[in-house]
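Residue numbering for the sequence shown follows this note's numbering, beginning at 3 and increasing consecutively.
No wet-lab data here; the hints were simulated from the structure. Remember, predicted model here, so these are calculated numbers, not experimental data. There's no promise every hint is true.
[Stated by the list, open to error] Below, a list of computed lysine to aspartate or glutamate pairs in the EDC-like style, where the Cα atoms sit at most 16 Å apart: (1) Lys92 x Asp102; (2) Lys92 x Glu109; (3) Lys79 x Asp102; (4) Lys35 x Glu73; (5) Lys35 x Asp74; (6) Lys100 x Glu89.
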Amino acid sequence: KTFLIFYILITVVVGASAVGTVQSVRDQLAEEKREAELLNRLDFSLLSGLDQDGNGVTIDEYVVGMAILMEDIDPKKVALLRNQFREYDKDGSGVLTKEDLRGIAQEQQDKVSQKQEKL
3 KTFLIFYILI TVVVGASAVG TVQSVRDQLA EEKREAELLN RLDFSLLSGL DQDGNGVTID
63 EYVVGMAILM EDIDPKKVAL LRNQFREYDK DGSGVLTKED LRGIAQEQQD KVSQKQEKL
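With the hints as constraints, model all of the structure from the sequences given.
Encoded structure:
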């Protein structure tokens, strides 16, 4: 009886492990297929569409565009972050200067202080 209980226990553990491994391999194959299909959709018009400011595709535009294409990033969140950046970029230079960063930090600190005062 002891042997049978031990044998059943080992069989269940090995079976569960095998099912988990098969599922993992299946998920990996599905992901590789999805990425291959997405990369096959690349063409000149898609790549040129990544250019946000008309001066050629920068590394950032390429990376963000590919992440959106691969469905790793929500395009709405990218748009939200771009708008947030533009709002923080007070002089419109396309760079967050130290002054811009200080302003952001001050805004955040003010928000925290206001929330604490309400408590």
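Do the hints match the structure? See the list:
Between Lys92 and Asp102, the direct Cα distance comes to roughly 7 Å. Compliance with the 16 Å bound is thereby established for this hinted pair. Between Lys92 and Glu109 the CA atoms are separated by roughly 13 Å; this keeps the pair inside 16 Å, and the hint holds. Of the supplied pair hints, the one linking Lys79 and Asp102 is violated, its CA atoms being roughly 22 Å apart against a limit of 16 Å. With a C-alpha separation of about 14 Å, the suggested pair Lys35 and Glu73 falls inside the 16 Å cut-off, and the hint holds.
Simply put, Lys35 and Asp74 have alpha-carbon atoms about 15 Å apart, close enough for the 16 Å limit, and the pair holds. At most 16 Å may separate the alpha-carbon atoms for a hinted pair to count; Lys100 and Glu89 meet this at roughly 15 Å.
When each numbered hint is compared with the structure, a violation occurs for hint 3 only.
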